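Chains as they are written, first to last, in this note's numbering: chain V, 1 to 497; chain Y, 498 to 723.
Derived from the structure by calculation, the hints contain no laboratory data.
The structure displayed is predicted, hence computed values, not measured ones.
Each hint should be verified, as a subset may be incorrect.
To be verified - Heads up, simulated EDC-like pairs for lysine to aspartate or glutamate below, C-alpha to C-alpha not over 20 angstroms straight-line: (1) K700/Y x D255/V; (2) K652/Y x E533/Y; (3) K227/V x D255/V; (4) K677/Y x D255/V; (5) K677/Y x D704/Y; (6) K700/Y x E590/Y; (7) K640/Y x E660/Y; (8) K700/Y x E633/Y; (9) K604/Y x D255/V; (10) K604/Y x E431/V; (11) K604/Y x E520/Y; (12) K604/Y x E346/V; (13) K640/Y x E702/Y; (14) K604/Y x D331/V; (15) K700/Y x E660/Y; (16) K700/Y x E638/Y; (17) K604/Y x E528/Y.
Each chain is listed here by its residues.
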Amino acid sequence: MTDSAAEQTPTGSKAGPSRWLRLSEWWEGVQPRRLSLRVRILLMFALGALFLSGFLAAAAYSFARSSVVNQRDDAGIEQAYRNAQAAQNDLRLNDPSTQAAMDRLQSLGVATFAINYRGSWSASSAKYTNDAIPLSLQQRVITESTPARMITRIDGHPVLVVGIPLTVADGGYFEFVLLDDASSTLNSVRLSLLFAGFITTLAGALLGTLVANRAVRPLGDAAQAAKAIAGGRLDTRLEPSEDPDLRVLANAFNDMVAALEARVERDARFASDVSHELRSPLMTLAASVEVMNSRRDDLPERAQSALDLLVADVTRFQGLVEDLLEISRFDAGAIRLNIEELRVAEFVRHAVDVSSMPTTRVIVSERAERVVIQGDRRRLARVMANLIDNARVHGGGEATVTVGEPDGEGEPLAHIWIAVEDRGLGVPLEERALVFERFARGAVAGRRSSSDGAGLGLSLVDEHARIHGGRVWVEERVDGESGARFVLELAADEVNE
Amino acid sequence: MGTRILSVEDDERIRTAVKLALEDEGWTVDEAGSGEEAIELFHRAAPDVVLIDIMLPGIDGFELCRTLRRHSDVPIVMVTARNDTHDVVAGLEAGADDYLTKPFAPKELSARIRALLRRIRPTAPGHAKLTFGDLEIIPEEGKVVRGGTELHLTKTEFRLLCELAQNPGSVFSRESLLDKVWGYDYFGDGRLVDVHVRRLRTKVEADPANPRHVVTVRGLGYRLQS
């Protein structure tokens, strides 16, 4: 508060810098945030054109003016000298009266003049008196006895005043030369210069727009490329530019993307390599455990318990490695779908049959029986298996699968919902997006069974749904009881039998 | 005479574990650690089924498969590292009858082997001879003749052709062929059918690029016609 008060104090030394400060603050505030680069370039061009045309117009005008006025000057001055000579002759003869001189001048046709003779003024008319003569001119002519001229305005009209000192006595002869017609010439010059300036500024703004568009285009390209890269197309590159300035940017951008691509590839390859390496020992484990398991009855009770743990965890380990491989394939963009037209009801029933809970109830709406989807049946079966596994592990071991159309009777069918409902604790609102993350370990996940899978199952469901152009989410059960409802939405078509 | 299986796998630990698991099924297992060893052993042991891991030192699995196919119609199961299109299709093109992806459960392997063995003794369709234009199928003898020349089909190719010939002119979906020929459920890999049809065409068609006998019905499946 005190600061701003001090700034506003108009003390000469302070007012300057503080105003400058405020101005620059204003510019800081305006420049980067509100004005885009495009607008700034446009403004720069327009202002440049304005300044330049203004400067040229001013120069042209002053040149035109001086040339018009000089013409007038020369004629006026010559005339004034002759008139002054005539007046002096009369003054000398009729000293000290000025009347004869004035009559003489009027008879010569000089209408606008004033004479200072021995300190007293006489003028030809009430309008052109000594009051109309600038004091500096009076001083030069009368006191310093130097001829001089000056342009002044009388009643708004430009007038050239020519002053010639008298040689007979102290005093001066002043003649007024009206410049009205010169002024109208200058007016039209000024008007056309203003018009030209306006046109130039407009042209500057137009040029600015063009240049701005040109200058901004590479930025647009870069933005588009960046968007493509963010979308996963890491092989996107900027076109190498002819312009050396832009080439630096394009090269730096491309180098960055190449480095990013290499890093992403390395990460993906690492995950893939790790899981590939894990498969060989896992293969041995799985086969050996199976051989042991077929002799389970020959083992002592404690060994049987240990074997059961081993069998269960080898199976789990196998699932984890398969999921990891699948995830790394997604990351590497190496997933190729084997798309077929599938009858959704038939597909879901088969998928449930081969899942970990084959007795799960499947409810298919009347309309859904006639619905087909485009999908990779083996991958979608994994999705169903994962959702049912999830229900088995976290959902109290009881699930219901419903296949139905989203609400909207009579509307053309565009999507189908495959929902898996369980009777577990449900998923709290704040964790509903998180459960689809890899290795999601929310409060609920922690609360859930300790023997559950790797936490990759649902993230794979999400990836698969997305690569099929669908989506998956979790909500509460429709009947309001405790439990989660996972809904897989896929694009679908209705077929007529 | 018991069933002999030749298992070709360079990882000794996996080989041993798989051998133990397969022996539990009552089969005799011969082991080979490389392609060269496998070729040598193949002629000596005359296996009923060959199990080949694609990643082998020296001669790789694809090459081994092609070599064996030149002399024999023995059923071959490929073990691939990935179920990527490339490996699976390349393995099937090389002549494999079926494939498994590592890590697989030994139970699954024995199920696949059983399905392949079942195919070696196809149930006779009851007709002595089926004729489709210049194509003659004699199911009883396991013979296919085109223009008087006998064609050499693998067991699986022959079985596939016989299935299509059961109901000439009608369309067989991939799923039904997977079920009947390979014993797969709804989730079998349709590429098995596609590649086998392709292989079959190179043998039974005069111009495999424009098939006259084994015809694709878009979106539905395949059909056999004269």
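Hint numbers not upheld by this structure, sorted from lowest to highest:
Those not satisfied are hints 1, 2, 4, 5, 9, 10, 12 and 14.
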